[in-house]
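J.: Residue strings, one per chain:
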Amino acid sequence: MLALDHTAELEKAGANVSGKRSAALHLIRRYPLGAVGALIILFFVAVAVFAGVITAFDPLTTNSEAALARPGAEHLLGADFMGRDMFARIVYGARTSLMVSVGATALGCLGGVLIGLSSGFFGGWFDLIAQRFIDILQALPLLVLALVMAAALGPSLQNTIVAISIALIPNIARVIRSNTLSLRELPFVEAARAVGMSEIRIALTQVLPNTLAPLIVLATAQLGSAILVESSLAFLGLGVPEPHPSWGRMLSESAADYVRTAPWLVIFPGLAISAVVFGTNLLGDAIRDMLDPRQGT
Amino acid sequence: MTSQSAVDMADPTVDAPVLQVANLQTWFYTRAGLVKAVDGVSFSLARGETLAIVGESGCGKSVTSLSLMRLVADPPGRIVGGTVHLGDTDLLRLDEAAMRAVRGNRIAMIFQEPMTSLNPVMTIGRQISESVILHQRLSRAAALERTIEMLRLVGIPEPAQRVKEYPHLLSGGMRQRAMIAMALACNPEVLIADEPTSALDVTIQAQILEVIAKLRRELGTAVILITHDLGVVAETADRVIVMYAGRKVEEASTMDLFVRPMHPYTRGLINSIPRLSLMRGESQAAVTRLQEIPGMVPALSNLPEGCAFAPRCALASDTCRREYPPYEQKQPGQWAACWHSDQIERIDHD
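From first to last, the protein sequence lines are chains Z and G. First residue of the first sequence? That's 1 in the numbering used here, and the numbers climb one at a time after it. First residue of the second sequence? That's 1001 in the numbering used here, and the numbers climb one at a time after it.
It is worth saying that the hints were derived from the structure and are not from the lab. Quick caveat, the model's predicted, so the values are computed rather than measured. Incorrect hints may appear among the rest.
[To be verified] Lysine-lysine pairs mimicking DSSO-like chemistry, simulated, CA-CA at most 30 Å apart: (1) Lys1164(G) x Lys20(Z); (2) Lys1164(G) x Lys12(Z); (3) Lys1214(G) x Lys1164(G); (4) Lys1330(G) x Lys1036(G).
Take the sequences, apply the hints, and build the full model.
T.: Here you go:
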């Protein structure tokens, strides 16, 4: 007979979980990597929110005496060629990065859901036109599309958000549309019709809530891409302009000239970008596993 | 006698029917050709009455019910003719917005699949009250109260608790009860039950039928019961319509239909019910093979000339194959479309 520790198995499945706190603990134990991801993101959110408390330096003040200062007691992560404190710039840069990525993802989800839902649910000529529009957008890779949009809109914080959000739309619209296509054939949609609901009401109250799970998974995944795209745009000079400190621009300002003489100017912004993207990816994977237990381990 | 006059003569003892369907025609325009899924069906329904529509799969009974709700998918389906009078309103003449105000309010429907007919991400209470709010302009709290009352009425235990739960916590039978509660929440005049028990196991079937019968008595709702199960018909229906290949082939009170069916198809359906007394072997001589109707329902896109049932019928003659039989009264209160109703007894002895 197989020796099976029933209490341990039940524990693993979360049988005796009660209350919000122990439910959270259970989730952490079940998805440790996801918890690490969430922790990383929370850390950066806290950094962005409390930037003024964390560092006494102003990220924009130049100081020729400190130009290219090495990391040390005075400047924790050194200073750039204009003598701006790197630590302060990375801390304030978190604000820019998170603002752009969260803003662009939210806007992109809104657009993608609007297009995907209406095109999948109502079909017909609108679907045809919307899908060709999505095809055109999808012909370009995410970065190139954002590049084109940013170049067309001109550099500013808002425009960067809009440019990236447009680039995120095709993916989201596709997923929502295909989900909607299968959902609208389900009997509960017919039942809602038999109760006298209008088509728009059915789309919003019956179909949309059923697409939320894949949307959440997708949105977390896009959060990381948005940060990467923002950095790339900034690196190419098309991103968020001065005076907002941006990790991507910090890289581009120093990569060519100082990578040998002052490598900390490249390493620390690069680390910050990697860490945030890593965090969103870990969290995204965990959420996917949580919402779709058939997939993954 | 035409089908039109059959409607006029249907049971004169009751007052004005709640629902009167005349010469309903729902055709499908498909690649395989024109499919007359419902072709000239007429019937009427009195207040509090249960009318069963029976027939094999593909005979047009579900399309009939969807046509009454105006829920036939278009394309390919189209209601091309007839009238459906609910009270004084002809449902087929209403615009879509007016029809939406009727659906779920004056005429409601429950479906075959209780497992998937409820939205999985919405609580039971939310789903049922949604329909009440839609039609009765009640506040959320009042609608929820009405919902709880309805759930109690259909026999769901602890309704105040259940309204907060999601459908996956309910069994199939409980979900069908919830569907019935949703359908009846606005107190409709007509309830269409499209195979309400086919997806449930037998013990639950009886309970669901009992719930429907009880609510019909208490609320006075007229019920159209779509089914292929003659056992269900015998238990619940007052009157029966038998459909074959999109047409009504026989109509009678349930008693008459079972005692002396006038159409060979009806006879075949009744004979293909397994009889427990025979199977127990009370009399060895009486043990006979379960009878079946030979052949299959013809493709509706390619119906034979004359009677559609002729290719499967033991009584078929040349007349049958040449000309569609008139739909006429064979006995008081019993109509059928058959040339050879008088020879019906022959079937059992063949």
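J.: Quickly compare the C-alpha distance for Lys1214(G) and Lys1164(G) to 30 Å and report which way the hint goes.
T.: Satisfied, since the Cα-Cα distance of roughly 26 Å is no more than 30 Å.
J.: Please work out if Lys1164(G) and Lys12(Z) have their alpha carbons no farther apart than 30 Å.
T.: Judged against 30 Å, a Cα distance of about 28 Å means the pair holds.
J.: Starting from Lys1164(G), check that the Cα of Lys20(Z) is at most 30 Å away, please.
T.: holds, 19 Å
J.: Holds or violated: are the alpha carbons of Lys1330(G) and Lys1036(G) at most 30 Å from each other?
T.: holds, 26 Å
Violated hints are absent here; each numbered hint is respected by the structure.
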